[in-house]
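Student: Given next are the chains, with one letter for each unit.
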Amino acid sequence: MLAILWKTLYQKRIAILVWALGAMAMVWLVLVFYPSFSEGDALEDLAKTLPPSLQSLIGDPANLKTVGGYIDAQVMQLRIPMVTIVMAIIFGISLSAGDEERGTLATVLAQPVSRTRVFLEKYAALAVSVAAVHLAVFVSILATLAMISESYSAGLIAQAVFGCFVLTMVFGTLAFSIGFLTGKRGLATTIASVAAFGGLLIDSLASSVTALQDAEKWLPYYYYTNPSIVLHGIDWVSIAFHMLWISVALLLGWAMFRHRDVEV
Amino acid sequence: MAKMPVINLHNLTKNFGPDIAVDKLNLEVHEGEIFGFLGPNGAGKTTTIRMMLGQISPHDGTATIMGHDAWRDRAKVHAGIGYLGGDMALDMELTGKQYLQFLARLRGGVSHHLIHDLARKFDCDLSSKIRKLSRGNKQKVALISALMHDPELLILDEPTSGFDPLIQAEFNKIILDYKKRGKTVFISSHILSEIQHLCDRVAFIRNGSLVTVGKMQDLTESTLKRVRVVFETEQDISHIRAVRGVHQVTADGRHAVFAFSGHMQDLLVKLADLSVVDLVIQDADLEELFMRYYKGNK
Numbered sequence: 001m002l003a004i005l006w007k008t009l010y011q012k013r014i015a016i017l018v019w020a021l022g023a024m025a026m027v028w029l030v031l032v033f034y035p036s037f038s039e040g041d042a043l044e045d046l047a048k049t050l051p052p053s054l055q056s057l058i059g060d061p062a063n064l065k066t067v068g069g070y071i072d073a074q075v076m077q078l079r080i081p082m083v084t085i086v087m088a089i090i091f092g093i094s095l096s097a098g099d100e101e102r103g104t105l106a107t108v109l110a111q112p113v114s115r116t117r118v119f120l121e122k123y124a125a126l127a128v129s130v131a132a133v134h135l136a137v138f139v140s141i142l143a144t145l146a147m148i149s150e151s152y153s154a155g156l157i158a159q160a161v162f163g164c165f166v167l168t169m170v171f172g173t174l175a176f177s178i179g180f181l182t183g184k185r186g187l188a189t190t191i192a193s194v195a196a197f198g199g200l201l202i203d204s205l206a207s208s209v210t211a212l213q214d215a216e217k218w219l220p221y222y223y224y225t226n227p228s229i230v231l232h233g234i235d236w237v238s239i240a241f242h243m244l245w246i247s248v249a250l251l252l253g254w255a256m257f258r259h260r261d262v263e264v
Numbered sequence: 001m002a003k004m005p006v007i008n009l010h011n012l013t014k015n016f017g018p019d020i021a022v023d024k025l026n027l028e029v030h031e032g033e034i035f036g037f038l039g040p041n042g043a044g045k046t047t048t049i050r051m052m053l054g055q056i057s058p059h060d061g062t063a064t065i066m067g068h069d070a071w072r073d074r075a076k077v078h079a080g081i082g083y084l085g086g087d088m089a090l091d092m093e094l095t096g097k098q099y100l101q102f103l104a105r106l107r108g109g110v111s112h113h114l115i116h117d118l119a120r121k122f123d124c125d126l127s128s129k130i131r132k133l134s135r136g137n138k139q140k141v142a143l144i145s146a147l148m149h150d151p152e153l154l155i156l157d158e159p160t161s162g163f164d165p166l167i168q169a170e171f172n173k174i175i176l177d178y179k180k181r182g183k184t185v186f187i188s189s190h191i192l193s194e195i196q197h198l199c200d201r202v203a204f205i206r207n208g209s210l211v212t213v214g215k216m217q218d219l220t221e222s223t224l225k226r227v228r229v230v231f232e233t234e235q236d237i238s239h240i241r242a243v244r245g246v247h248q249v250t251a252d253g254r255h256a257v258f259a260f261s262g263h264m265q266d267l268l269v270k271l272a273d274l275s276v277v278d279l280v281i282q283d284a285d286l287e288e289l290f291m292r293y294y295k296g297n298k
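Quick note, the sequences are listed as chains D and Y, same order. Each residue of the first sequence is one higher than the last, beginning at 1 in my numbering. Each residue of the second sequence is one higher than the last, beginning at 1 in my numbering.
Any given hint might turn out to be false.
[Stated by the list, open to error] No more than 30 Å apart at the CA atoms, straight line, and that leaves these computed lysine-lysine pairs for DSSO-like:
no., chain 1, residue 1, chain 2, residue 2
1, D, Lys184, Y, Lys132
2, Y, Lys215, Y, Lys225
3, Y, Lys3, Y, Lys270
4, Y, Lys225, D, Lys184
5, Y, Lys179, D, Lys12
6, D, Lys12, Y, Lys129
7, Y, Lys270, Y, Lys225
8, Y, Lys3, Y, Lys76
9, Y, Lys180, Y, Lys129
10, Y, Lys129, D, Lys184
11, D, Lys65, D, Lys217
12, Y, Lys76, Y, Lys24
13, Y, Lys179, Y, Lys76
14, Y, Lys179, Y, Lys24
15, Y, Lys97, Y, Lys121
16, Y, Lys3, Y, Lys180
17, D, Lys12, Y, Lys132
Because the hints were derived from the structure by calculation, they are not lab data.
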């Protein structure tokens, strides 16, 4: 049972560990400076000089003086999602189009397993890998807070990390599904990257470009940051929006993969 | 009632854009046969096999394997077959043992004794990571993966590339043992010598179309024979040249060598008029047969 899932996780174990350690190190490097940021107004003054589009990327400078605001603005809004989204896109493409281009997918498909099973077990491997990195982020936030003698609601941090996991899975699923839909690594990378980072750009520019304000409401990132999960808790409507994206991408990838030619 | 063929290809057709890779291919392979599928690179052999495995769909026609449609019921088809490709992509970061255990778990019901037995027969190192193995050893791991569940049908696409002669001999023994046990083997190759001693029937494919299919024996009997004659003295061999079916005559003093594809009686009558001291008639090997089909049809 679940032979493809376990084999994939075993093969990816080093990569998962490296990404998890990288994300933990990033959390630690950012949070460890919180005591310095919380004292004085220099950062707040500097932030006020930035154009609105850049201000939207770092959030409300006043929030930086509270632990929750700092975690939100400096860790969970941008830095960690960037790391996990890049990781999820790389993993998603490697498990789909990457395996097809290497020829290992065709070898598995010569065994008595349905394409649906291959698709779902590989997707489960992607989800577990991404979840492992998010678990590492959660642990790192709590550990670093303890290290700098600060505290914050573990429940809100867990919700924020879960929200980030769901956002990350939107783009990981997109990469994975396009990989299975087309079998083309380059195409899947391009579309998933444009969706992830183009969306982020639109979201950050929307605060100063009126024409983009409607467009951003169709994009996953908007529902991740509005409202801030670290400060206000999870918004299940936003999660449902992300789940809709995931479901549509997953269904399309699965339906096409079942009926298309597989390259060797 | 006649038994259903193990492999039944009916008008099987596959296009890649404007190129026709396989064109209305009709073929039946029966239980207990070793069937050779011959053709040069690019003839459509691998495309045909990929349709038989349900990896790609035919544009027209059907491939029925052990009674199941190869595209719609591919998982059922795969349960009964063992497949070996010429250059199969294996999971490089696993050891041979881990890789075979993974495939065994996917299949279920695989005997670990059989895996060890095959590894011993092929002298295959299963403890090293696959990426560290030579091409021949990788091919051995892939071959074990095709044989380890003792399938009813073996589909082998250019299987012995990278094998040394000892392993080739072991491979031949296993294939012949399969036939003895009533199992079926479909083997594609462009290395003709490896097919010649194994196959009951062969098919030739060129540009996606079947050129001919027949029993190995019939094909070699109906084809060219290589004739070498030594005369007592130098002879005028114009009578020999005139015999229907004599080709490619090379005469040198008392010696004459030529290819012959006509009635042997006609040739022997003409030779009886000459003072022959030695006569050697050899069946053409499959290589010559192969070249005849491909040169003649270009």
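Student: Could you run down the list of hints and mark each one as holding or not?
Tutor: Results for each hint:
| no. | hint | verdict |
| --- | --- | --- |
| 1 | D:Lys184 <-> Y:Lys132 | holds (28 Å) |
| 2 | Y:Lys215 <-> Y:Lys225 | holds (17 Å) |
| 3 | Y:Lys3 <-> Y:Lys270 | violated (48 Å) |
| 4 | Y:Lys225 <-> D:Lys184 | violated (51 Å) |
| 5 | Y:Lys179 <-> D:Lys12 | violated (41 Å) |
| 6 | D:Lys12 <-> Y:Lys129 | holds (15 Å) |
| 7 | Y:Lys270 <-> Y:Lys225 | holds (17 Å) |
| 8 | Y:Lys3 <-> Y:Lys76 | holds (19 Å) |
| 9 | Y:Lys180 <-> Y:Lys129 | violated (35 Å) |
| 10 | Y:Lys129 <-> D:Lys184 | holds (28 Å) |
| 11 | D:Lys65 <-> D:Lys217 | holds (29 Å) |
| 12 | Y:Lys76 <-> Y:Lys24 | holds (25 Å) |
| 13 | Y:Lys179 <-> Y:Lys76 | holds (22 Å) |
| 14 | Y:Lys179 <-> Y:Lys24 | holds (28 Å) |
| 15 | Y:Lys97 <-> Y:Lys121 | holds (15 Å) |
| 16 | Y:Lys3 <-> Y:Lys180 | holds (18 Å) |
| 17 | D:Lys12 <-> Y:Lys132 | holds (19 Å) |
Violation of the numbered hints given earlier is confined to hints 3, 4, 5 and 9; the remaining hints are satisfied by the structure.
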